[in-house]
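Starting from the given sequences, assemble the full structure and let the hints guide the process.
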Amino acid sequence: MNKEFIEIRWHGRGGQGAITAAKIVAGAAFISGYLGVVMAPTFGTERRGAPVMTSLKISREKICDLSPIQTPDIIVVLDYLLLKEVDVTCGLKPGGIIVLNTPKAFESYSFKGYSLATANITAISVEAGLPHGMVNTGIIGSLEKATSLLGIDVLIKGIEEEFRTQKPEKNSLAAKIAFERTRVRG
Amino acid sequence: MYIIESGNVAAALGVRLCRANVIAAYPITPQTPVTERLSEYIEEGSMKAEYVPVESEHSALAVCIAASSTGARTFTATSANGLLYMHEQIHWAAGARLPLVMCVVNRAVGAPWNIWNDHQDSISQRDTGWIQMYCCDHQQILDSVIKAYWLAEKVSAPIMVCYDGFILSHTYMPFEVPQQEKVDAFLPPFRPDYALNPEEPASLNTVTLPDVRIDVHGELAHGYMEIRYLLQEELRTSLAVAAEAEKRFAEIFGRGGDPYIEPYRCDDADHIAVGLGSLTYQLRVSVDALRKEGIKVGVMGIRFYRPFPDAAIANALKGKKGVIVFEKALSYGYEGALASDLKSALYEHLAGTGHLPLVQNFIAGIGGREIRTDDLTQTLRAATQSRIAKEPTWIGLKL
Amino acid sequence: MGTRNYRRKTSHSENGPGDGGRTGSWRVERPVLNKSLCIPCKRNTEACFICWLFCPDVVISRTIPPKIDLEYCKGCGICAEECPTRAITMVDEAQFTEEDKDKE
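Chains as they are written, first to last, in my numbering: chain H, 1 to 186; chain E, 1 to 399; chain G, 1 to 104.
These are computed hints drawn from the structure, not numbers from a lab.
Hints are supplied without guarantee of correctness; some may be wrong.
Facing chain G, a subset of chain E residues (Cβ under 10 Å, in silico) [stated by the list, open to error]:
#1 Gly-95
#2 Tyr-194
#3 Asp-215
Straight line, CA to CA, 25 Å or less: simulated DSS-like cross-link-like pairs of lysine-lysine [claimed, not checked]:
#4 Lys-3/H <-> Lys-145/H
#5 Lys-9/G <-> Lys-154/E
#6 Lys-93/H <-> Lys-292/E
#7 Lys-292/E <-> Lys-3/H
#8 Lys-112/H <-> Lys-84/H
Beta carbons: idealized from backbone N, C-alpha and C, even for Gly.
Below you can see the structure in the form of structure tokens.
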């Protein structure tokens, strides 16, 4: 993966917190020396439960092109059921990385030509003490495990800052457990 | 301090730093988060201002007009049909010479109903006597709000700070939030020449006769025509004041450039793409790609659309072979308003030189249609090679 | 001489007689005050002044008795209409001689 310019596309459902997750990663990337970070949600059609998409571009230089990502390096899927509804790998670069929250066995997936990382973030988040369905902090641990993009520490810091008034320790714990338990196949 | 936030938050932070006293707004997508954020600032006490909830955009601007007439620093924001609903009051604010600042979060105008970005809303307010600034990123949104208050109060004219709906308003990127002390040093408290005062009652902008009149003090007072002439005259001279604003801003904040235009790789270019707002930054990516192919092309963003910096624009385009105007709006029945204005500026300043650049006009992104950088690159490449746009040519149309 | 150096950039009129010229000549009916009915006159105190408040041309003074500046009063009759004790009546201008008018 070219670490000078990285495009991450997040697939979630309205209300799942994909935007917040992408924002945390954006902040951590900026602190880590990426001058250009742009996070663009799908515009205007977010409804709770409906499939939503968020673009995150990370670059060493200022980003002038705010148009949606066409060819992501990484896709993050917050709900495995989206695989039935959305063509999540659309445009994914050859050798690109898929980060997937799923209760199913790692071996049951086959994405040819791509790397896969999975964890049962839904269960891990409950284990960390979060309410059922809160998966947007756990998935950040899986993303880091799959990509070694920024280092887990700066992401944990970002999570605790973002959730400073809403259970920061539980949210960061979810990311830590997910980081440990994510299975990766390259 | 750098933060990563949305363009709407950049605008709200700018308004708070400028210590606006009265805010009146009616929510409309994609402007809503600006007013939500400001009402939160006031509620939590981090901003001392009066928030006036209103039942319409017309009332929002009416409240700002009234409050500004008493000497308050005011703010409102709107988009699309909300802006058009204000239209009568927009003219009024300019004629009354009130230094209002309004963010226009650019959105397409119905019918058909559409909440996404283009520039038809603010472009359609071109002739109202407001100053119009266009922003390309979040830093420019925040900085423009601060500059706008200074400029508006200096020249007694209202200003629209325009930025692209969703593309900027709902996108997150890093920007620097300046310290309050620096903003205070740049922007003194608002001290109007005249503010409504119950001790000295007066009627403002009542029926004003076609001809001049003797006022209550026996002095010869303006008729309607003199007042309107002064608006035009002072909007034209406000270009020089805008340059002063830019210079002062750069001294205090260490940021700034040309007050009117934002050229990119233009110096040795044969062809220049021209536009308003975030599209001109996207065009930089196309310019870089074409430069690698050896095509000498540059892009110039226009920061002030009214007053139109015709001399600066013509000077920047002198000696160029072609000008390629990209617009997200249209003067229906003719061409893009910017293209027309630009041709007028070129004719005025360059007709005598015997060399006028060829102007081509492209319309893109109407109603939020996705503008692909590849499409821009392709269009730009073709337009540098031959004249493809005799009439305004729409990009990305699937007809 | 033009208005280039006029003190304001906008249309601005201060309250006071004269902004529309000597409008007293426009009058068809003249307001006449009956002091025996007028509240401030009867009580000899600053009160009521509804006529002063409503006069659109600001030609009625806030004094005891209220004085009407006939040089500028257009004779619209709003004061007579609004007076709560009907102390003002509108009287046909024809009833006043030229001499009377000059005395004003």
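Gly-95/E as chain G interface residue, shortest Cβ-Cβ below 10 Å: holds (7 Å)
Holds or violated: is the Cβ of Asp-215/E closer than 10 Å to a Cβ in chain G? holds (6 Å)
Holds or violated: is the Cβ of Tyr-194/E closer than 10 Å to a Cβ in chain G? holds (7 Å)
Just to be careful, I want the Cα atoms of Lys-292/E and Lys-3/H compared with a cutoff of 25 Å; is the pair within it? With Cα atoms ~22 Å apart, Lys-292/E and Lys-3/H stay inside 25 Å; holds.
Is Lys-9/G within 25 Å of Lys-154/E, Cα to Cα? holds (13 Å)
Would the hint linking Lys-112/H and Lys-84/H be met if the CA-CA limit is 25 Å? Answer holds: Lys-112/H to Lys-84/H is near 17 Å, not above 25 Å.
Compare the distance between the alpha carbons of Lys-3/H and Lys-145/H with 25 Å, and conclude whether the hinted pair is satisfied. holds (15 Å)
For the pair supplied as a hint, Lys-93/H and Lys-292/E, is the alpha-carbon distance within the 25 Å limit? OK: Lys-93/H and Lys-292/E at ~23 Å, within 25 Å.
Hint check: no violations occur; every hint is consistent with the structure.
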